[in-house]
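Protein chains: 2
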Amino acid sequence: MLSTNRIKLYRSLQQKKYRQKYGQFLVEGQKSVQEFINQGWTADAIIVQENKSVKFNSEVEGVVISASERQMSQMSNFKTPSEAIAVFKTRNAKKLNLAKSIIALDTLSDPGNLGTIIRIADWYGIEQVLISELTVDEYNPKTIAATMGSFARIKVLRGNLVHTLTPFLGNVYAAILKGESIYEKPKPSAAFCLLIGSESHGINPDLLKQLDPIPVSIQGKGGAESLNAGVATGILVDRLIHG
Amino acid sequence: MLSTNRIKLYRSLQQKKYRQKYGQFLVEGQKSVQEFINQGWTADAIIVQENKSVKFNSEVEGVVISASERQMSQMSNFKTPSEAIAVFKTRNAKKLNLAKSIIALDTLSDPGNLGTIIRIADWYGIEQVLISELTVDEYNPKTIAATMGSFARIKVLRGNLVHTLTPFLGNVYAAILKGESIYEKPKPSAAFCLLIGSESHGINPDLLKQLDPIPVSIQGKGGAESLNAGVATGILVDRLIHG
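Chains A and B, in that order, give the protein sequences.
Just so we're aligned, residue 3 is where the first sequence starts under my numbering, counting upward by one.
Just so we're aligned, residue 3 is where the second sequence starts under my numbering, counting upward by one.
Hints in this document: simulated from the structure, not taken from any laboratory.
Note that the structure is a prediction, hence the values are computed from the model and not measured.
Heads up, a few of these hints could be off.
The list treats identical chains as interchangeable, and a pair is accepted whether it falls inside one copy or across any two copies.
Listed below are the simulated EDC-like cross-link pairs for lysine to aspartate or glutamate, each with C-alpha atoms no more than 16 Å apart in a straight line [said to hold, decoys possible]:
1) Lys10 to Glu52
2) Lys102 to Glu129
3) Lys223 to Glu129
4) Lys33 to Glu227
5) Lys33 to Glu186
6) Lys23 to Asp214
7) Lys81 to Glu71
Please model the entire structure based on the sequences and the hints provided.
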């Protein structure tokens, strides 16, 4: 049985301050919850809607609690609550593997964009995403939802971009509105880092000065001033991986 | 002065049924409003927040009304309301130019994705987006916001994809999870159409049967099962335009 206090506690995890206080976050949807379990994340609770047939391919019985539709909607971040909502312990990555490719994000503010980019990393087999201190919380429910389960497989490190990337030996590319054409760049032969800036302000000029990346651009010809940060990341990663 | 009834009326335009009833929709943000004015859309009202310096480079004085911060937030779709919200008349495109490229969307349900795709079209100079009858309303405030003003420049036609695209003479490509590699396709030499399916169900099999498009895929190697519809559209359009 799910007490009112427990529902309040879980619902509070929609807010960053409570995620940080309790070291927990929410994952919605049977498929996404299963991905986290498969990848060895620790579920403190899995709440499933009564009368819905929700099954997991793992030993999770000890933490499964059933709840009414009304209770599910009290905890859910979505208009149509999922049939399963789980509470997992957050993980704080300490360091990245500098021999492997990285997507690095400077002050991204949109939680959906962050999630979309984590999903792109997973699609192309880039296992690590570095986010600046001021980037939106990676455990935001909208971010987790936008990753469609990819969050469970990708290492996300929050830290100082200059300190973390200075020892990186591969090419560092930066998405810039007026950079060099990505279509004329040879495909990197080793691990690379792609640096993406905020939706409204681009990449911090100090960061560009200190990391001295290769500035790259996507060529357009229409009226739009820019592309969505997630879309730009997808196009550039596709060019860096496939040439 | 803005009456309470007027505020109610404008706020109702956040809902599809009232947009359809009144033939009007909302645009938020000074820059986006200016784009619509520049492109010749008819503004029935432009509400600007009092004590904010909001100016337009056009003759719009007749329709400008000032409002308090509280009134702005009553009309706004966002947590932080814009300094300008305008009411424009909807336009219903009747036909597309079949000699020019088209992005066609089958049953897209996410308003943000639709907006992102309209912004991609504008970036690459593709002037027309065809959406199936069941695609989310193109005048949804989240769609309009995600286009970042590009909506004002792109022709969006809602209609039957088979009927509209059957006379199209250029190549029709369809984004399919297990299609042919986009990297091995030659760049189309003439106008093309790119067909994108719904986020959860892909493209309707009947549509594929009737239009017989060239099935194309983006090659991944990680764990994600798919890419976000907007990201996939960006990558495929980039390959079709730049090879």
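Verification of the supplied hints:
In the homo-oligomer, the alpha carbons of Lys10 and Glu52 never lie at most 16 Å apart, since the shortest distance is 19 Å inside one protomer and 39 Å across protomers. For the identical chains of this complex, Lys102 and Glu129 are intra-copy neighbours only, at 8 Å inside a copy versus 40 Å across copies, given an alpha-carbon limit of 16 Å. Proximity of Lys223 and Glu129 under a CA criterion of 16 Å is satisfied inter-copy only: 11 Å between copies versus 33 Å inside one chain copy. Taking identical chains as interchangeable, the C-alpha atoms of Lys33 and Glu227 lie at most 16 Å apart only when they sit on different chains, with a minimum of 12 Å there against 37 Å within one chain.
Proximity of Lys33 and Glu186 under a CA criterion of 16 Å is satisfied in neither setting, with 40 Å inside one chain copy and 33 Å between copies. For the homomeric pair Lys23 and Asp214, neither the shortest alpha-carbon distance inside one copy (37 Å) nor that between copies (55 Å) is at most 16 Å. For a Cα distance limit of 16 Å, the shortest separation of Lys81 from Glu71 inside one copy, 12 Å, qualifies, whereas the shortest one across copies, 27 Å, does not.
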